[in-house]
Structures are given as structure tokens and as C-alpha cells.
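Residue numbers (this note's numbering), protein chains in the order written: chain A, 1 to 258; chain B, 1 to 316.
It is possible that part of the hints are untrue.
To be verified - Simulated pairs of lysine to any residue, SDA-like, Cα-Cα distance not exceeding 25 Å:
#1 A:Lys99 - B:Phe59
#2 B:Lys210 - A:Tyr80
#3 A:Lys99 - B:Glu272
#4 B:Lys52 - B:Leu293
#5 A:Lys99 - B:Thr209
#6 A:Lys117 - B:Lys52
#7 A:Lys149 - B:Gly225
#8 B:Lys210 - A:Lys202
#9 A:Lys99 - B:Lys210
#10 A:Lys99 - A:Lys125
#11 B:Lys210 - A:Ala82
#12 B:Lys210 - A:Pro64
#13 B:Lys210 - A:Gln137
#14 A:Lys117 - B:Thr209
#15 A:Lys99 - B:Lys52
#16 A:Lys99 - B:Leu293
#17 A:Lys23 - A:Thr88
#18 A:Lys202 - A:His60
#19 A:Lys149 - B:Trp215
#20 A:Lys149 - A:Arg122
#21 B:Lys210 - A:Tyr19
#22 A:Lys149 - B:Ala224
#23 B:Lys308 - A:Ala82
#24 B:Lys107 - A:Tyr19
No wet-lab data here; the hints were simulated from the structure.
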Amino acid sequence: MTASTPQKVILSAQDVAIYYGTKDAVRHVNLDVVSNTVNALIGPSGCGKTTFLRAINRMHDVTPNTRVTGKILLEGEDIYAADQDPVTIRRRIGMVFQKPNPFPTMSIYDNVASGLKLAGVRDRKILDGIVEQSLRQAALWEEVKDRLKTPATGLSGGQQQRLCIARALAVQPEILLMDEPTSALDPQSTARIEDLLGELKKDVTILIVTHNMQQAARVSDTTSFFLIGDLVEHGPTDQIFTNPKDKRTEGYITGRFG
Amino acid sequence: MTERIKAPPTRLGSGGDKVFRGIIIFLALCIVAIFVLSIYQLVSGGWETFSKYGLGFFFTSGWSPAKDSYAALSFIASTVLTSVLALIIAVPLAVASAIFITEYAPKWLAEPVSYLVELLAAIPSVIYGLWAIFVMAPIIQGWQLQILQNPQLNAIPLLHVDIPSGRGLITAVLILAIMVIPYTASISRDVIRLVPRDQREAAYALGATKWEVIWKAILPYARAGILGGVILSLGRALGETMAVAMVIGNRAALPTSIFDATATLASVIASEFGESGGLQLSSLIALGFILFLLSLVVNFTARAIIAKLTPEGIKV
Numbered sequence: 001m002t003a004s005t006p007q008k009v010i011l012s013a014q015d016v017a018i019y020y021g022t023k024d025a026v027r028h029v030n031l032d033v034v035s036n037t038v039n040a041l042i043g044p045s046g047c048g049k050t051t052f053l054r055a056i057n058r059m060h061d062v063t064p065n066t067r068v069t070g071k072i073l074l075e076g077e078d079i080y081a082a083d084q085d086p087v088t089i090r091r092r093i094g095m096v097f098q099k100p101n102p103f104p105t106m107s108i109y110d111n112v113a114s115g116l117k118l119a120g121v122r123d124r125k126i127l128d129g130i131v132e133q134s135l136r137q138a139a140l141w142e143e144v145k146d147r148l149k150t151p152a153t154g155l156s157g158g159q160q161q162r163l164c165i166a167r168a169l170a171v172q173p174e175i176l177l178m179d180e181p182t183s184a185l186d187p188q189s190t191a192r193i194e195d196l197l198g199e200l201k202k203d204v205t206i207l208i209v210t211h212n213m214q215q216a217a218r219v220s221d222t223t224s225f226f227l228i229g230d231l232v233e234h235g236p237t238d239q240i241f242t243n244p245k246d247k248r249t250e251g252y253i254t255g256r257f258g
Numbered sequence: 001m002t003e004r005i006k007a008p009p010t011r012l013g014s015g016g017d018k019v020f021r022g023i024i025i026f027l028a029l030c031i032v033a034i035f036v037l038s039i040y041q042l043v044s045g046g047w048e049t050f051s052k053y054g055l056g057f058f059f060t061s062g063w064s065p066a067k068d069s070y071a072a073l074s075f076i077a078s079t080v081l082t083s084v085l086a087l088i089i090a091v092p093l094a095v096a097s098a099i100f101i102t103e104y105a106p107k108w109l110a111e112p113v114s115y116l117v118e119l120l121a122a123i124p125s126v127i128y129g130l131w132a133i134f135v136m137a138p139i140i141q142g143w144q145l146q147i148l149q150n151p152q153l154n155a156i157p158l159l160h161v162d163i164p165s166g167r168g169l170i171t172a173v174l175i176l177a178i179m180v181i182p183y184t185a186s187i188s189r190d191v192i193r194l195v196p197r198d199q200r201e202a203a204y205a206l207g208a209t210k211w212e213v214i215w216k217a218i219l220p221y222a223r224a225g226i227l228g229g230v231i232l233s234l235g236r237a238l239g240e241t242m243a244v245a246m247v248i249g250n251r252a253a254l255p256t257s258i259f260d261a262t263a264t265l266a267s268v269i270a271s272e273f274g275e276s277g278g279l280q281l282s283s284l285i286a287l288g289f290i291l292f293l294l295s296l297v298v299n300f301t302a303r304a305i306i307a308k309l310t311p312e313g314i315k316v
């Protein structure tokens, strides 16, 4: 752990289970996430890691027939409590998706500003400032500062994904969820985004789902290993990769299955 | 080493390919030929008119079979006017129904509603015309009678009533609006369904409400396709003949009030063609040529606009 501030649990999953219809995709997950860390969720396809990630910003609310039980506490407050508004939750917990998904009809600038505009920010100066700041955080500013008004789709795949990161950062979330953010990118773009995470965690707590174990080992402070809907093991990344407690974790990280 | 498996000999040589290719080319050329032939027929049929009036035929008003004098401008204007007004009414309804079907309606309701909307397109236009005559016209006649009793209202130019017949511009516009809804609605529904899930989720993840997701993510993404549906509707509205001819009043003049009787290119052709000859017939064919041109222009403009509106990166 590299956080210099006293360790604070920002997110806490308590006995979380997620159902698609009657099928349980995730069972009884208990997980604490310390602020300003990068947390990797690993496991074979279909293990429930993405399903779990999407529960954290209540993304399942928009899919019919999906149910989340248990508690997910953001700074001590249950985000699934009846008085919580998913819209507010999603402003506090941003998300970056598998495939870069900029809004194709918007310019680079408008993409980054879109979340702020949704939140009602109209002041040009504030928008300009936050757009620049977010693009700098996403290490994209130097590449796009002269063409902010051009369509976002003119960027390369890797740039588009960094644009999506900037877009998510612009609403200044406390937590950033990343769902295999580099799986559609070439190795070079992947490396750039991995380098970014180390910088980003100064401002935001990151949960990243990844298929790539080297990636998890490179970028994360803690790692959670999921298997068929169960959280098998959770701990500091070093320990998970060098000295896993569970046989199944060891089997997966040494490549015996997965 | 295992022996390589040989492909069985083909039944036909490449001869079959050539025959098929020939048939396909022939059929494709037939379509081109029909297109060229219609232009030729329209131009040659209307030649008497074009040579007598020249370009003036397009740009002046005053169509009078009694004086054997003909001009097209009022029909062109009325055609564009009825179609555009009909779209202004129909497009919001159509897009709203598409949004309802795709985003709000539960499945058990979405399918029947979407089927009913499409069914609107299957009703023959003469039925719409009859319905407009027997149901809509009396209602509009009622409005007209009320306006006639109220001199202040009647003094408003756009609402002025001459003859309370229930037939005129507004009747034609309303029936056209209903008739073109299914085209915009079904195409909008299809393109909205095609908006990728990650576009919706991107907006949700930024803290958008459902309404904002529709307004900021879905509709912009689908706008080119929706516009395609609108243009298809416009094409239908411009050329719609039967229902319009039955309720528009067929008066060769520009309307100055929404209740005025007027005539479109298609409606005047339908209502006068039967008993015409000589210069009148030639002028009607010339009107047909104009309608043909108008549709072409609409189509080409539409393609250009759609190409411009389609976001880069999702071009097919």
C-alpha cells in the first residue's frame, strides 16, 4: 500500500449477492476497499467480477430482472438504501467500459464536459478549467489541446479510452470503476493507461476488472480473486501473487485453469 | 502421410455463373430503363406545355382550364406546405411513440403497440380519405361554423373561413400526418434499438437520468436514422394522392388560411386527369414531371443530410 494518508475504508461490500432472474451470479461477497488504492478484480470469464463491479454504481438498476441484495457502503452509507438516488451515486462512482464509448456526435470537449453539463454546470470558465484538468489527468491534454472541437471519433482507440477516462474524471467521482478498460486496446495504449492508474489513485480510488493477470500484478495494490460467483480470496496484490492462501487462487494465477 | 481429400467435381462449369450474371445485369438495367423511360414520357407528354410557357410554368400561379391557361406554382407551394405541416405534426408523435416502444413500454405492451403503428401503413389511402370525409371533415366544419359566428376570430388571416365545407388545407394536413406517422415511427424505433448498450451506459454512468440518457445519448446517436425516417415520410406525403384529393377541396390557388381549399400536384392530377385533353392534359403531365423532380430533390438532399449527420466511426 502506498497511500500516505491514514488508511480509510471508502467502500465496503457486505454480504452482497446479485441475481439475474433467479440465478445467482454473485454470492455473499464481503470486501473492503481502502481509499486512494488500485484494486484489481480477477478471475475467469463468467466468474462474476464484472457483475460485482456493476453493482457498485447501481448499473444493474437499468437492466430488468436483476436484483442486488446485501449492503454496499460508500463512506458508510448504503448506496442501495431506499432514500439513495442512483443518479447521485453514479456521479460519485464513475465508470470506464470495456470498449471506448465516447459520444460520437460530440466533440472531444463536449464529451469531457458532458457529465458536468448533466450536473447543471453551465459556467464556461469552470467547464474549460475542468475539461483541461481532466484531460491532463488522463494524459491526453497534450495530444488534443489543439483540436478540442473536433469529433471524438477522430481519435485512435487508445486515445478514445483515455478520453472516456477524462469524461469519467470530470465529474470528480470518489471511486472509478474500470471494466477491462484495456481489453480492446493495443499493447502500447494499454501501457499508457496502466501508467496512468498510478497517478490517478492520488485523486480517486480505483476498482479495475481485468482478464490479464500481469496487468493486475503491475497496477494494483490489492487483488480480489473471483470464481463462479464467489470471492475466493482478497488481499494485497503481492501476497495474492506470491503466496496465495487458497488452492484455487494458486491454480488460477499459475495458469492451471482460467 | 495421409492422402489429401479431393473436392468432388462441380456439377456445372462456370457456365451457370455467366447465365446468372447475365440475368442479374439485365434485371438491373431494366430498372434503369424504367427510370429513363418515365422521365422521357413525362417530358414528352408535357412538351406542349413546356414549349408554350417555358420556365414561367414553374414560377407563376393561375391554373384555369376554363381559360385554357396553366401554371404550376400554386400546386408546388401547396404540395410542399401540406407535406411540411403534416411532418411538423407527425414527427414528434412518431418519435415519441418510438421512444415509448423502445424505452418505456413493458414487453407485453411494446409489441402490440409497435404492430398497430405499423398497421397504420397498411391501410389503403382511400380508406383514410373516406375516414377524413366522414369523420374529420364534419369536426372541422364544426370549428369553421364557430369561427364564422365569431367575427373577431374570422378576422385573423390564418383562421379565416370562406366556405365552411370541412374540406381544405387543415383536413389534408391532419390526414397526411396520421398517414405518415408509421414510416417515421417504425424507422425511429429500429434505429433507437440499434443504439449500442454502451452508449446508454456511458450516459447513465455519468449520472444521467433516464430522460437525459434518451435526450443526450440515444437520440443524438440515432439522429441520422430518424431523419431518414422523416425523409421517407416526406416522400410519402409529397406524393400522397387519393386521401388528399378527397379532402383538400381541389381549388387551384395558394391557401391564405388553414381552412382554405387548395390543391397539390398529386391531387390536381388525380381530380382533373379523367376529363382533360390538349394543353390541359399536357400541363397535368408537366405537373407530374415536377412532382417527380421534387421527389428526386428530396431524396438527394436527404442522402446528403444523413451522410453529414451520421457520426464518424459509425458510418456503414
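**Q.** Numbers of the earlier hints that this structure fails to satisfy, in rising order
**A.** Violated hints (numbers, rising): 1, 3, 6, 8, 10, 13, 15, 16, 17, 18, 23; every other hint is consistent with the structure.
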